[in-house]
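Spelled out from the first residue to the last, the chains are:
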Amino acid sequence: MSKAHGYYKDILTGVFLVAIVALLIFFTIVISGVEMLRGRNTTICTVNFPDVGALKEQDPVYVRGLKVGSVQSLRLLPGVVQVRLTLDQNVVLREDYSITIGKTSMLGGTCVQISEGNSATSLTMGQELKGIAPPDMMADLGALVSELREAVDPEEVRATINNIRLASADIAALTERIRKGEGMVGKLLSEDNSGYEDLASGLDNFRAITDDLRNGKGLLGKLISEEDTTYADLKSAIANLNVVTSGLADGEGLLGKLLREEDQSYEDLKAALANIRQVTEKLNDPASGFGRLLSQDSTLVADLEAAASNIRGLTAKLERGEGTLGKLVNEDTVAVEIEAAIKDVRQIIDNMRDTAPITTFTSIFFGGM
Amino acid sequence: MTIVQEREGGVVATFFAALGRSVQLMMLALLGLPWVLLRRDSRQTFSRQLYTIGIGTLPVATVVAMFTGMILTLQLGIAFKQFSQEIMVAYTLSFAMLREMGPFMTGIILASCVGSAMAAQLGTMKINEEIAALEMMSIDPVRFLVAPRMWAILIMAPLLSFYTCIVAFLGGATVGFTQLDVPFLQFVAEIVTVAEVKDLYVGLLKAALFGAFICTISCSVGFATTHGAAGVGASTRRAVIYSFLAILAGGYFVTRFFYVF
Chain A
0 MSKAHGYYKD ILTGVFLVAI VALLIFFTIV ISGVEMLRGR NTTICTVNFP
50 DVGALKEQDP VYVRGLKVGS VQSLRLLPGV VQVRLTLDQN VVLREDYSIT
100 IGKTSMLGGT CVQISEGNSA TSLTMGQELK GIAPPDMMAD LGALVSELRE
150 AVDPEEVRAT INNIRLASAD IAALTERIRK GEGMVGKLLS EDNSGYEDLA
200 SGLDNFRAIT DDLRNGKGLL GKLISEEDTT YADLKSAIAN LNVVTSGLAD
250 GEGLLGKLLR EEDQSYEDLK AALANIRQVT EKLNDPASGF GRLLSQDSTL
300 VADLEAAASN IRGLTAKLER GEGTLGKLVN EDTVAVEIEA AIKDVRQIID
350 NMRDTAPITT FTSIFFGGM
Chain B
0 MTIVQEREGG VVATFFAALG RSVQLMMLAL LGLPWVLLRR DSRQTFSRQL
50 YTIGIGTLPV ATVVAMFTGM ILTLQLGIAF KQFSQEIMVA YTLSFAMLRE
100 MGPFMTGIIL ASCVGSAMAA QLGTMKINEE IAALEMMSID PVRFLVAPRM
150 WAILIMAPLL SFYTCIVAFL GGATVGFTQL DVPFLQFVAE IVTVAEVKDL
200 YVGLLKAALF GAFICTISCS VGFATTHGAA GVGASTRRAV IYSFLAILAG
250 GYFVTRFFYV F
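Those protein sequences? They're chains A and B, same order as listed.
Numbering that gives the first Met the number 0 applies: residue 0 is where the first sequence begins, and numbers increase by one.
Numbering that gives the first Met the number 0 applies: residue 0 is where the second sequence begins, and numbers increase by one.
The set of hints was computed from the structure by calculation and includes no laboratory data.
Hints should not be assumed to be uniformly reliable.
[As the list claims (entries may be wrong)] Capping the alpha-carbon separation at 27 Å, the derived lysine-lysine pairs in DSS-like fashion look like this:
1. Lys281(A) x Lys269(A)
2. Lys256(A) x Lys281(A)
3. Lys129(A) x Lys102(A)
4. Lys55(A) x Lys8(A)
5. Lys197(B) x Lys66(A)
6. Lys80(B) x Lys269(A)
7. Lys102(A) x Lys66(A)
8. Lys197(B) x Lys102(A)
9. Lys221(A) x Lys234(A)
10. Lys342(A) x Lys326(A)
11. Lys221(A) x Lys197(B)
12. Lys316(A) x Lys326(A)
Please read these numbers as outputs of a predicted model, since none were measured by experiment.
The shape of chain A in the complex, shown without the other chains:
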């Protein structure tokens, strides 16, 4: 081995030694919880517990879920276990504080849990604190079992178990039905998607309806929408209805008068109805004149029909221009001639009227002679 090679080996060995020793020191500092590197200010807090459970040194201390320190030491004193806590942060305890020993996980591990309290008065530093013993789960469970054993009737337990068994059978039947795809839930869970599709379709429809409602479509939508016109209309209609009903209540109008407690209008209406009834009875009475007319034995209808037929025949002849009247109606020459004749007659009469005094005088004169 050359001298240089030996020197190189020595350096390598020295570096390894120093590195591992430094790492060991650092690891020791970290796991021992000494905050030498950070230089934190720590405070010591002494708590007396009646029982510490499985608490040990270096267990964490939590305030509101935040780790604020660790257990420094435990000392057995008469009646209590004195636990010294190293706190890294400023924890202000108040009069209604509580310090308990809890579990860090379901699988074990203990910690100290501090609740600072809410009262106005804070405690002074250095004061010895009192802790609450951790609950003995096994003892509590044993006590609970013995209490249950004393309290519960075995027959009731048997009946309950039987009910549970029956319920279990029912559940098994239900799940079997569901597995087979029977029923609503079964159909929803089965591979056949028709039930699901129906439901989805129904939901789509429902969504469309709710969309319409949200968009203010339809009466209900308008009522729900922010626009108040429909609501105002409805309010106005209700107000009108209110006015109408008020009027009715006040006895206004015919309906109001009818609804009034005063029975005069009702009595009048009743009398009128009685008269109408009498008239209709007379109409229905075959012995009366109108009755005879309206009765099935009456020939009035047949006579009327015959008359109508005759009139229809006359009018048809008139239409066709038959007879004098028909010609008068349909042909202008006859009318013109008649009009000319009438004019002639009117002229003759006028002439006679004009000559009447002369004629009369002449008659008288010549009659006298």
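Given the coordinates of chain A, assemble chain B onto it according to the supplied hints.
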């Protein structure tokens, strides 16, 4: 002290005689620290042994530790995953490595790599009567040969054990991140949270004790080598086997002493 010994009596007597010589050898080697530090040639031997034990075994230790951490994490992770408690792997790995697996693996590596070499080297020297020559020159072979090795292994074994733990943690955190979806830094943070100083230093003490056992047994077996090259091979084999047995038994008693009593 005369190292060269001839077998006398039965098997039991031979066993106790070997045990007595080994204890005596260890004590003398420990007491030879001033001699190691004061003499230049001993210091050179000590330096070489530090390199051989520390740097020489580093690649093997790295690979073994890395895969041990990875395997432990994977196996424990498969079990803990059933309970959705993958993070508990970090807790378990921290306890296992610091308390037992780190020192144990270091002991096994040192016994295989270093102890066998010591037994073979001293056995060859014994066969070649170099040790007898040293004695003739009034040079104590224990101080000259064993003390530097003893102190070198006492220093390097705990450091190697700690290095093994760290590498195993990194391997475990890598597997935790890639296979168990546990964030790397969270895994490391959980290891640090659960680790305790007592576990760390008891583990380091255990590693040092294993180193002392390995050196004592290997040197003792090497000094007792006879029958030429075949004897050297047998001594090497015996040194490794006895070291393994001593590591297992010693580990149990140390654990019992520190964690039960």
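Now the hints, each set against the structure:
1. Simply put, Lys281(A) and Lys269(A) have alpha-carbon atoms about 18 Å apart, close enough for the 27 Å limit, and the pair holds.
2. Between Lys256(A) and Lys281(A) the CA atoms are separated by roughly 30 Å; this puts the pair beyond 27 Å, and the hint is violated.
3. With a C-alpha separation of about 19 Å, the suggested pair Lys129(A) and Lys102(A) falls inside the 27 Å cut-off, and the hint holds.
4. Taking the CA atoms of Lys55(A) and Lys8(A), the gap is near 45 Å; set against the 27 Å cutoff, the hint is violated.
5. With a C-alpha separation of about 22 Å, the suggested pair Lys197(B) and Lys66(A) falls inside the 27 Å cut-off, and the hint holds.
6. Between Lys80(B) and Lys269(A) the CA atoms are separated by roughly 95 Å; this puts the pair beyond 27 Å, and the hint is violated.
7. For the hint pairing Lys102(A) with Lys66(A), the CA-to-CA distance comes to about 14 Å; that is within 27 Å, so the pair holds.
8. Under the criterion of a C-alpha separation no larger than 27 Å, the hint pairing Lys197(B) with Lys102(A) is consistent with the structure, at around 23 Å.
9. A distance of roughly 13 Å separates the Cα atoms of Lys221(A) and Lys234(A); the hinted pair therefore holds under the 27 Å criterion.
10. Proposed proximity of Lys342(A) and Lys326(A) is supported: the alpha carbons are some 19 Å apart, at most 27 Å.
11. With a CA separation close to 79 Å, the supplied pair Lys221(A) and Lys197(B) exceeds the 27 Å bound.
12. Using a Cα cut-off of 27 Å, the hinted pair Lys316(A) and Lys326(A) holds, with the two alpha carbons roughly 10 Å apart.
Comparing the model with each numbered hint stated earlier shows that hints 2, 4, 6, 11 do not hold.
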